[in-house]
Amino acid sequence: MTAAPALSVQDLSVEFRTRSGIVRALDRVSFDIAKGETIALVGESGSGKSVTAYAVLGILDPAGRVTGGRAMLGGLDLVKAKPSQLAEVRGREVAMIFQNPRTALNPIRPVGRQIADVLIRHGNVLRRDAPAAAVEMLRAVGITDPVRRAKAYPFEMSGGMCQRVMIAIALAAKPSLLIADEPTTGLDVTTQAVIMDLVAELAHDLGMATIFITHDLALAGQRAARIVVMHAGHVVENAPTAELFAYPRHPYTAELIAATPDSAASLSELAAVPGTLPDLRRTDLPFCRYAERCPRKTSGCDQPLPRDTEDGSHFVACWNPLPAAPAAAA
Amino acid sequence: MSTVAPTAEPLSAARPSTGLAAMFEHTRYVLGENRVTAFAFALLIVILFAALFGPYVVPYDPLTSDTVMALKPPSAAHWFGTDQLGRDIFSRVVVATRLDAFIAVASVVLVFLMGGLAGIAAGYFGGWTDRIVGRIADTIMAFPLFVLAMGIVAALGNTVQNIVLATAIVNFPLYARVARAEANVRRDAGLVEAARLSGNSDWRILAFQILPNVFPILVVQMSLTMGYAILNAAGLSFIGLGVRPPTPEWGIMVADGAAFMVSGEWWNAFFPGAALMVAVFCFNLLGDGLRDIVDPRRRT
Amino acid sequence: MLTMIGKRLMFAIPSLIGVVIVTFLLTRALPGDPAAYFAGPAATKEAVEQIRKKLGFDKPLIEQFFHYTNDLAHGDLGTSLTTGQPVATEIRNRLPASAELTLLGLVISVAIALPLGVLAATRPGSWIDHLCRITTTAGVSLPVFFTGLVLVYVFYYLLGWSPAPLGRLDVFYSAPPTVTGFYLIDTLIARDFEAFRSALSQLILPAATLAIFSLAPIARMTRASMLSVLASDFVRTARASGLKPSTVIVTYAFRNAMLPVITTLSMVFSFLLGANVLVEKVFAWPGIGSYAVEALISSDFAPVQGFVLTMAVMYVLLNLMIDILYGVIDPRVRLEG
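Residue numbers (our numbering), protein chains in the order written: chain A, 132 to 461; chain B, 2 to 301; chain C, 7 to 343.
Chain A with its partners taken away, still in its complex shape (with noise of 0.2 Å):
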């Protein structure tokens, strides 16, 4: 029997309203993840993993709607929650972090205050407590010289510096569920390792589940213990790790692990995933969005995908994957 998710996401399905039509961003994605777990939701860009990030939260661009699904945060369904119970789950229970840290922050505030604002609304401490509170979560997140620091302003910081104010106001009301969209990207090689590291670090110690979207499968095989899969607003394969890299299921992970440099290839052996994403605004899309761009095309794949069971195993959403782990049952 498997304790209650942090977060279970069923069948979500998100849409945007543009001035060349309608985009189905996301069409019924389902994934859960465990209290304390570490997940990847991975996939190159315009997957719809940070659009799922963002209506699980709440704060899609006006633009875009959720037309089906739940996101179930402990009993509580964030998709139809109002925005008066989402106010106060957001910070408290689920935070974010976001790519780009410094346009992310405040430009005429103070980080010591911008983080203040957050413990204060949440409660965690009295007004007058807040600035000390706030000056020892800088220390926590690896500031140096702390007090001073939180006097600044984000444009005297560095990035890497800014990304842990940020780190540091998601976590202030000490959340059970952190996302960090692509906290990385923008920042040099030595400083994204560090960061990482310390989002780690903080999750430990605090119990707190965390999905980290990325379109770096490199990256997620690191730090995530389980990674779910996305291509063109579909879960396509949700496994853990080491169980992905052995034996991709689906045919798009098989190419983007064969797309990801690491150690062992060679820039030789580096083959780019064909084909593009299709267009999401056509009202003819196959059940299988992979579909036209996938060699193991068979004409069984006219029909629905399979449904994710949820049972922690190999979920892939194919109907000609390739060979599952042999021995343990998949």
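Note that these hints are calculated values from the structure, not bench results. We put the beta carbon where it would ideally sit given N, CA and C, even for glycine. A portion of the hints provided could be inaccurate.
[As the list claims (entries may be wrong)] Coverage of chain B stretches by chain C, computed from C-beta distances (three or more under 8 Å per stretch; other residues unrestricted):
1. 151-165
2. 229-239
3. 265-272
4. 281-290
Given chain A, work out where chains B and C should sit, using these hints.
Here is chains B and C on its own, set in the frame of chain A:
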């Protein structure tokens, strides 16, 4: 062995997304999409008609007074009523269109030439040209614009030409700045590089490469300036500068009728004022619509 | 912070110099004989020669310029032909009337435009959004003197709610002893509440006219700026952190959105100072605008020159204050000096 030479793109419309034909197509599309702009265009036609043919089609002579009929409210015989000298206000309002339109057009053309050329030169040549043009623009901008216009017309003399000149001077900084920015950007653009490399003199480049590209952006501004120019001229006339009675002009007609507003004869000042409003409104809408045609990215 | 203020002050100086030069040139650009202009239309040949000598029109231009700046430094703006009084004195006496009117107009304008723009941005597509858009489009097309007249017609003639547009106070009341020159303040200081009410009711229509006029650009910029800020990354972060909607809109969005609005104020002041002249004529308001207009009618040039100079200097100082205010609010500007 041949070094890579920058190839100039052919100026003629090989691609359907450029060229005059494409522009017409785009214009028609925007007008169809945007009824407000189409409405403004229609209004413009009405104004043009009044300006060009007004004096010939009005029912009464705008200058003839008929004291028996003084201060009569709007009626079937006098659609806009009569003023204190018995003149038909409708005829005067329509005939005034010509003068106000003339002032507006003349001001805008003058400021386009003055500001546009100065700005292009400043943006293209940089250095001292840029500095001088900048200083002049900054000095003009240090004044509240209407006050400066007042000062210029008061100093140079109470004539329509001076109203045109004052309006042009007051709008100079805006045009110079826009033109300079565009010229700055295009100075280093591929087309211009190519032209320079093939030996074109600076003036040819300015005239044939830069000016045609700067013009559409300035045209949007010109439409908006037309509205401002009319308001400016009317304002100056309202305080007694520029146009003298009995010439029909919307501004002095409002000034004449102001005293009567207080005692209830509203039509005297109302109709010329409304005409002002309609004309300025039309040009503002047109400017917005033109902006959509010229650069859809800047749609508001 | 002080370096920033110092720098701004320094930038204001070339503007002031430019203003003085231009006003000087305006007199010298008069067609015909400037001396005749200053002597007035009724002057005799001898009187014109006297004026020429007295005002130094027979000297070279540079010398005249030094003369002019010297006079300015001593506060001498010449003498009015029609009243015989020094221009500087009359301007000083009349300035509070114009200032009170313009300030009240600005306050009303901002009090309406800011909420209008903010609400239009936070409730897109609502009736307030449409109201805001109509106001901003129509507002820029209204000639300010026309608005004033229409207001007088409706509120004085038709409804009888407003008093006759005859100046700052009803004839029955006398002006309070001058402390600030602002009747609204001085009447309260003197505890003359009847006069206060009268001053207020005289002020409302002209101030409203100015307010309607300057409402449009402020509301438009507020709305556009709020829309842009509400779509920004840091507002998204604030929302994602669960901050209260009021905190997000006021502390995070609004303060950032105000930056471009403050910059717009410079343009608004330019319009306001110009519109002031027209409104003063409509409402017979005894300020410096009507002073200049009356002088114009009688071809009395010294007051006009003094008026243009005063308005320009005020404008430069107002812009300086706006620059400094911007620097106070935006740390990026403040800390980089």
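Hint check results:
1. Coverage of a stretch by a chain is defined here by at least three residues with a beta carbon nearer than 8 Å to that chain's beta carbons; for the region 151-165 of chain B and chain C the count is 7, and the condition holds.
2. Evaluation of the coverage hint for the region 229-239 of chain B: fulfilled, as 4 residues show C-beta separations to chain C shorter than 8 Å, against a requirement of three.
3. Counting residues of the region 265-272 of chain B whose C-beta sits closer than 8 Å to any C-beta of chain C gives 4, which meets the bar of three, so the coverage hint holds.
4. Chain C is given as covering the region 281-290 of chain B, and this holds because 4 residues of the stretch bring a CB closer than 8 Å to a CB of that chain, at least three being needed.
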